[in-house]
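> Protein chains in written order, with the UniProt record's numbering: chain A, 1 to 180; chain B, 1 to 180.
Derived from the structure by calculation, the hints contain no laboratory data.
Hints may contain errors.
[To be verified] Heads up, incomplete: computed chain A residues facing chain B, CB under 8 Å, no partners named: (1) 50; (2) 63; (3) 86; (4) 117; (5) 124; (6) 129; (7) 133; (8) 158; (9) 161; (10) 164.
[What the hints assert, rightly or not] Sample of chain B residues lacking proximity to chain A, with all beta carbon distances greater than 12 Å (derived): (11) 16; (12) 17; (13) 101.
[As the list claims (entries may be wrong)] For each label pair, taking beta carbons as the anchor points, the in silico distance ranges come out as: (14) 86(B) <-> 155(A): 44 to 52 Å; (15) 151(B) <-> 143(A): 36 to 44 Å; (16) 151(B) <-> 170(A): 58 to 66 Å; (17) 175(B) <-> 147(A): 33 to 41 Å; (18) 85(A) <-> 140(B): 20 to 28 Å; (19) 86(B) <-> 35(A): 47 to 55 Å.
Ideal Cβ placement from N, Cα and C applies to all residues, glycine included.
There are 2 protein chains.
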Amino acid sequence: MRNTQYELSPMDNFSEDTLFMRMALREAEQAAAEGEVPCGAVIVLDGEVIGKAHNQTETLKDPTAHAEVLAITQATQAVGNWRLNGAVMYVTKEPCPMCAGALVLSRMKKVVWGMTDPIRGGAVSKFNILNEADLNHAVETEAGLMEADCKAVMQGFFQDLRLRTKEQRQQRKLDGEETG
Amino acid sequence: MRNTQYELSPMDNFSEDTLFMRMALREAEQAAAEGEVPCGAVIVLDGEVIGKAHNQTETLKDPTAHAEVLAITQATQAVGNWRLNGAVMYVTKEPCPMCAGALVLSRMKKVVWGMTDPIRGGAVSKFNILNEADLNHAVETEAGLMEADCKAVMQGFFQDLRLRTKEQRQQRKLDGEETG
């Protein structure tokens, strides 16, 4: 993957939150490098990282292998308990319905994301899964942390994808002219 | 687990659908035997079972280890593709929001469930995740297959749980009287 357009914004406003979101962004970059839609997630409990993952649906051939689900499984194994009371997730994109449901089930205290997904977001945008009175638990939310950086990773990935697809099409056309 | 109240209804109306739902019910019974909330799921593609699982959240200490998610992962590994186009899931309970999201992501053709969950159901009851125009895919639904049997497994589990809790409380009281 090229991702040449992408550069992290300077750490002017350093805080623990931006530190953990940078970590999630590094995971998203790793996903892009593996040809995966770039989403990264980090789970923090009492200042310690207990889960860190990126989207691996293509690599694992598993549609449930989103960054958030993988990070939740990792974190529960780290603490030896399926309840992640008090933990905070940092994720580059608003969670989808599956991941929002997983966040509620895990009893996550809070989720902080970068870019919002107004069309398919399962946290607050399309479905309000994280704060539904009838579910067992509500998850606090914070949207828009390092939003520009999170968008840049995603847009860079899809720009590269379009460029590669165009190049491949042109190459096939050239190959056809040579052999035709 | 006792589950003595529970007995499968006779196979008067035998069909492929009831056969697969019975298989899902056996998975639910296995969950109950392991002290898990009894939910079972089976995935069928072209008449062949490609995934079969029961809830294992307590055993695996993982809140994402619902029957549906485990069965989806199993099925994708069986076919070597994260897309389960054309597959049908049989599950004893209406999927929760997490599992409904996973069903959409997996491109499942249809899901058939036994008991509906009007309070927390993520398929059609509380959230209509399986048939939302803005998501990439819609999943066909059929509710109420072998509903009485599916309810009986669930109710038997919680009756047993209440009984055991009561017995333990009485035993602790007796122990207290003896040592007090």
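> Is it true that residue 175(B) and residue 147(A) lie within 33 to 41 Å of each other by Cβ?
The hinted range 33 to 41 Å is violated for residue 175(B) and residue 147(A), with Cβ atoms some 58 Å apart.
> Are all C-beta atoms of chain A more than 12 Å from that of residue 16(B)?
25 Å, holds
> Please check whether residue 151(B) and residue 170(A) have a Cβ separation lying inside 58 to 66 Å.
60 Å, holds
> Is 44 to 52 Å right for how far apart the beta carbons of residue 86(B) and residue 155(A) are?
This hint is violated: roughly 34 Å between Cβ atoms.
> Given residue 63(A) was flagged as interface, is its beta-carbon under 8 Å from a beta-carbon of chain B?
Status holds, d = 4 Å.
> Was the hint right that residue 86(A) lines chain B, CB cutoff 8 Å?
15 Å, violated
> Beyond 12 Å from every Cβ of chain A: is that where the Cβ of residue 17(B) lies?
At about 24 Å from chain A, residue 17(B) clears the 12 Å cut-off, so the statement holds.
> Would you check whether residue 124(A) satisfies its interface hint, that is, whether its CB is within less than 8 Å of any CB in chain B?
13 Å, violated
> Does residue 133(A) pass the interface check with chain B, least Cβ-Cβ distance below 8 Å?
10 Å, violated
> With a cut-off of 8 Å, does the beta carbon of residue 161(A) approach a beta carbon of chain B closely enough for the hint to hold?
Residue 161(A) check fails; min Cβ-Cβ to chain B is 16 Å, beyond 8 Å.
> How about residue 164(A): closest beta carbon in chain B under 8 Å, or not?
Result: violated, 21 Å to nearest chain B Cβ.
> Can you verify the interface hint for residue 129(A): is its Cβ closer than 8 Å to any Cβ in chain B?
5 Å, holds
Of the hints listed earlier, those the structure fails to meet are numbers 1, 3, 4, 5, 7, 8, 9, 10, 13, 14, 17, 18 and 19, in rising order.
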